[in-house]
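K.L.:
These protein sequence lines map, in sequence, to chains W and P.
Numbered continuously in this note's numbering, the first sequence closes out at residue 189.
Numbered continuously in this note's numbering, the second sequence closes out at residue 371.
Honestly, the hints are just simulated from the structure, not real lab data.
Heads up, some of the hints might be wrong.
What the hints assert, rightly or not - Listed next, with one range per pair, are the computed distances between beta-carbon atoms:
| # | chain 1 | residue 1 | chain 2 | residue 2 | range |
| --- | --- | --- | --- | --- | --- |
| 1 | P | Arg259 | W | Thr178 | 49 to 59 Å |
| 2 | P | Ala348 | W | His108 | 42 to 52 Å |
| 3 | P | Ala198 | W | Glu41 | 13 to 23 Å |
| 4 | W | Ala182 | P | Glu369 | 52 to 62 Å |
| 5 | W | Arg177 | P | Gly164 | 46 to 56 Å |
| 6 | P | Glu206 | W | Gly60 | 25 to 35 Å |
| 7 | W | Asp141 | P | Gly318 | 23 to 33 Å |
| 8 | P | Asp175 | W | Leu111 | 24 to 34 Å |
| 9 | W | Ser112 | P | Gln146 | 28 to 38 Å |
| 10 | P | Gly296 | W | Ile130 | 46 to 56 Å |
| 11 | P | Gly296 | W | Leu111 | 15 to 25 Å |
Quick caveat: nothing in here was measured; it's all calculated off a predicted structure.
Cβ atoms here follow ideal geometry from the backbone N, Cα and C, with glycine treated the same way.
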Amino acid sequence: MSPAPVPARKLRVATTSLAGCFGCHMSFLDIDEHLFELVELIEFDRSPLTDIKDVGPCDIGLIEGGVCNAENVHVLREFRRHCKTLIALGACAVNGGLPAQRNHLPLSECLREVYQFRPGLENGQIPNDPELPLPLDKVRPIHEVVRIDYFLPGCPPSGPAIWKFLTDLIAGRTPRLAGGLLHYD
Amino acid sequence: MTKQFLLDGQPVPFEDGQTILEAARKAGHYIPSLCWHQDFPPHGSCKLCIVKAAGRHVSACATPAKEGWEVESNTPEMNGERRGLLQMLFVEGNHFCPSCEKSGNCELQALGYEYEMLTPRFRHFFPERPVDASHPDMLLDFNRCIFCELCVRASRDVDGKSVFALTGRGIHKHLAVNAESGRLADTDFSKDDLAARICPVGVILPKGRGFAVPIGERTFDTETIRSKTLKEEES
């Protein structure tokens, strides 16, 4: 794979995990020694890797996970506002994934099952702290909430798939997953 | 002289009564399909074999070839429409590949790869479709049904049992089991039926097997649906 040409300035990249498991972020780290090439080309804004809490103006935003609560909607809209190119990273961001498997159950039933009726619980009650974001009735893929520029499926997308995608994007090519890099699982 | 039509500019010979799809595959050209099977009459429901013949959109599986026709199939326009059809199939059901035992061997998924479907694009329906695990040997996960009717046809025409049927219309259409209780256990369905192994997606699955083949060694990990289909046509 041809290395991306070094841009005039480093591209600013923000990442976040909404209703995801951080597996896509772990897979991102699986690009291994390419990380050294990558840090020559980009710098991180808000990301679990920097612990910056608010997203600023960015070239690229990577969103892992779908939208399952009000805070996810807020963060996703912030990313859309600040990122020139917004990417759905992984199955949950692309189609809701595992969290969306609760969509055929009433939300109240899910909460009661976990917080009231789970074996071993005493005096269980549904959490009701005002600081907790309110869950949505259904988990949604992120393209159903904001406009998304590119999609990178996979559970998680493999390190090589993420590297191919990012190098295409940084080099100004339309990202393309060919030769077995495209997977939905 | 044998009759022929042009497929993407290439001459394809055919005999009277042969469909565009049959003639094309026989001549080594790939036209995709999900609901078509060589042992059954065409169903024409998945529409993935859509081609432009003499300027009109037709299902290649159900349209007899005609002398001198110019047929467009592997073009950006037709492949774009196929991608759109795949996206509609994906949002209409609950296709969660990471938890599906058919993943890697699923024709719907393989066609998603073939036509580089990166996003379902549309709004998901998230329909409610409870599974039927009543049968001792087989599981029915209706979430993944694409209404191709292959199990219906196999059970009725080959197994002679008529275990399955499609019922309801529009968004309410669903696969039904032919028993008063609606449960598979209350039919004479057997794991040895053709209907038990004809499903192109992950609806009709054997119990007690699980994820038997590791990722990387499953059917469509090692070859594309295009090359697999053409290889089967040759043999």
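K.L.:
Hint by hint, note whether the structure agrees.
P.N.:
Comparing the hints with the structure gives:
At roughly 25 Å, the beta-carbon separation of Arg259/P and Thr178/W lies outside the given 49 to 59 Å, and the hint is violated. Roughly 27 Å separates the CB atoms of Ala348/P and His108/W, a value that falls outside the hinted 42 to 52 Å. With their beta carbons about 52 Å apart, Ala198/P and Glu41/W fall outside the hinted range of 13 to 23 Å. Restraint check, Ala182/W to Glu369/P: a C-beta distance of roughly 24 Å breaks the suggested window 52 to 62 Å.
Between Arg177/W and Gly164/P the Cβ separation comes to about 32 Å, which falls outside the hinted range of 46 to 56 Å. As the Cβ distance of Glu206/P to Gly60/W is approximately 55 Å, the hint placing it in 25 to 35 Å is violated. A beta carbon spacing of about 28 Å between Asp141/W and Gly318/P agrees with the range 23 to 33 Å that was offered as a hint. Our hint of 24 to 34 Å for Asp175/P and Leu111/W is violated, since their Cβ atoms are close to 46 Å apart.
Distance hint check: the CB atoms of Ser112/W and Gln146/P are about 60 Å apart, inconsistent with the given range 28 to 38 Å. Taking the beta carbon of each, Gly296/P and Ile130/W are about 53 Å apart, inside 46 to 56 Å as hinted. Range check, Gly296/P to Leu111/W: about 46 Å between beta-carbon atoms, so the 15 to 25 Å window is missed.
Going through the hint list in order, the structure does not satisfy hints 1, 2, 3, 4, 5, 6, 8, 9 and 11.
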